[in-house]
Amino acid sequence: MRNSFFSKKLVAVIFLIAGFVSAQNHEGEEVETGAHDLKTQIKEYIDHHLLDSHDFNLYSYTTDEGEHKYIGFPLPVILWDNGLKVFSSSQLEHGEGVAEVDGNHYALYHNTIYKTDAQGTINFGSHHGDETHTEDAFGEDLVVEDAHPTNVKPLDFSITKNVVFIIAVSLLMFLVFRSMAKRYQKSTMPRGLGRFLEPLVLFVRDEIAIPNIGEHKYKKYMSYLLTVFFFVWVINLLGLTPLGVNVTNNIAVTFALAMITYLITTFTGNKNYWKHIFWMPGVPVPMKIILAPIELLGTFIKPFSLMIRLYANITAGHVVLMSIIGLMFIFKNWIGSPLSFLLAFALSLLELLVAALQAYIFTMLSALYFGMAVEEDHH
Amino acid sequence: MEKLIEQFSFGLFFWQLLLFVALLFLLRKYAWKPILGAVEKREEGIKDALEAAEAAKKEMQNVTADSEKLLREARLERDALLKEAREIKDSIVSEAKEQAQVEGDKMIKKAQATIESEKKAAVADIKAQVANLSVEIAEKVIREELSDKGKQQKLVEDMLGDIKLN
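Those protein sequence lines, which keep their order, are chains A and B. First residue of the first sequence? That's 1 in this note's numbering, and the numbers climb one at a time after it. First residue of the second sequence? That's 1 in this note's numbering, and the numbers climb one at a time after it.
Bear in mind the hints are in silico, worked out from the structure with no lab data behind them. Treat the hints loosely; a few may be bogus.
Said to hold, decoys possible - Stretches of chain A that chain B covers, calculated by requiring three or more beta carbons in the stretch to come under 8 Å of a beta carbon on chain B: (1) 154-165; (2) 197-211; (3) 249-263; (4) 321-334.
What you are looking at is a predicted structure, and each value in this text was computed from that prediction instead of being measured. Positions of the beta carbon are idealized from the N, C-alpha and C atoms, including for glycine.
Using the sequences plus the hints, can you model the full thing?
Structure representation (C-alpha cells):
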C-alpha cells in the first residue's frame, strides 16, 4: 500500500504541472507496484479529476502513514434540506468526515453529499445486499463502483470549485470588457487589451452573427453571442492550466448554456419559424403532419447537440491528455517519459485549438439557430 | 447517458445559469453596447470619410473635365475667330480690288471720252482754220489773178467755156 500511495503522490503532482516532467520519476523502486493497480489508480485519478469538487485543491498527496494531505482551501457548502444549511467544506474532510449542521449530518461519497447518521454511514441499494461501506472520496473500493447509495441527497447549491471558476471568469470578463468599453469613451480607437479583443469582437460580429442571422436582425443577439463565445473560450483555456479546473466538461454547465440558446431561439422565433415547424409550407398535407413532430423534436435536438458537443469535446480532450501523461507511469523504461511528454505537449497544443474551436462552434451554431428563428418568409 | 444524468449536478446548473445570465446582462449594459456602439460609430466615420474622399475625387475630376472642356471650347472659338477674320480680310481685299477695277475702268472711259471729244474739237478747229486759210489763200490768189482786166476776161471765158461744155 505504501508504494501505491507514493506513486499516487507523484501522479497528483505530475498531473498538476501538466507534463513538465523529467525521467526522474523512475528513480524510486517504489513505482514497481502491480501494473493493474497503477492503471486503476490512474483511471480513478482521471475520473476524479473530471468531476467537480467541494474543495479548492491545488494538489493532494498521501503521507507515509497513509494519511491524505490536501493543499488548498475549503469552499462553502450550501444545502437545501428543509431549510438552508451552510457550512464549510472543511467539515467534510474530503469525504473522510461527517459535517453536522442543526442536528443533521452530511457526508461526502463520490463527490456527492448525502444525509447520513452521526457516524456518516452510507447505505447501498438492495442489489448489493447487506454490504455497507463508509464513504471514500477516492472510491478506492472498486466493488462499490456501480452501487447507488440509498441515503437522502439534499439539494446541493454549494460553491464548488467549478462555481468558483465560473465566478472568477465572470468577474475577469466583466472587468476586462468594462475597462475596454471605458477606453472607447475617450477615443474610438482601441487601446491596450482592446487591440487584441476588438478583432475578436469584430470576428464574432462579422463572421458569426451577420452571416448567420442577417444584417438587420443580428444586433439583439450580439450580447449573448459575445458573452458565450468569450465565456466558453476563457473557461476552456483555464481547463488547460495546471489548476485542474474543468468547467465545460460538466454536463450541467453545457446544459445551462444550451438551454439559454434554446430559450432565446424559442422566444425570438417569428411567425415564419413556427410555421416551418408546425405546418411546413410547400409540402403535401400528410407530409405536413409527419414533419411537425420531427421538426418540433428538432428544436430540442439542436440545443441538445450543442450541449453534448461541448461537453464531449472537452471531456475527451482531458481524458486523452491525462491518459497520455499517465502512460509515463505505465511504461517503466526510458522511452516512456519522453514519448509521453512529446505526445502530451502536442496534444496540449491541439487542446488550445480545441478550446477556441469549441467556443467558436458553440457560438456559430447558436447564431445559426437564431438565424433560423428570425428568417423571413421568402417563398 | 446514465453516467451523464448521474453526473448532472443541479447546484452547478443553478449557479451556471444564474451567473451566466447575470454576466450576460451586466456585460450587455456595461461592455457590449458601448463597445459595439463605438466600433459602429468609428466604422460609420470611416465610411463617411471614404465617401467624402470619393466625392471630392469626383468633384476634382469634374473640375478638371470642365476646365479641359472650357479650354477646348476656347481653342475652337479662337480658331473660328481667326478663320472668320481671314475670310473678312479676303472679302475686303477682293471687294476693294473690284471697286478699284470699276473705278479705274470708269476713269479710263472718261479719259477716253474726253480725249475723243478733244480730238473732235481739235479736228474741227483744224478744219475751220484750214477752211479759213484756204479761203484767204483763195482770196489772195483770186485777187492776184484778177488784178488786171485781161486775165479777168480770160477767166470768165474759161469758166463760161466750161459751163458750155457741160
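Evaluated hints:
no. : hint    : in the structure
1   : 154-165 : holds (count 8)
2   : 197-211 : holds (count 4)
3   : 249-263 : holds (count 9)
4   : 321-334 : violated (count 0)
Hint 4 from the list above is the single one not met by this structure.
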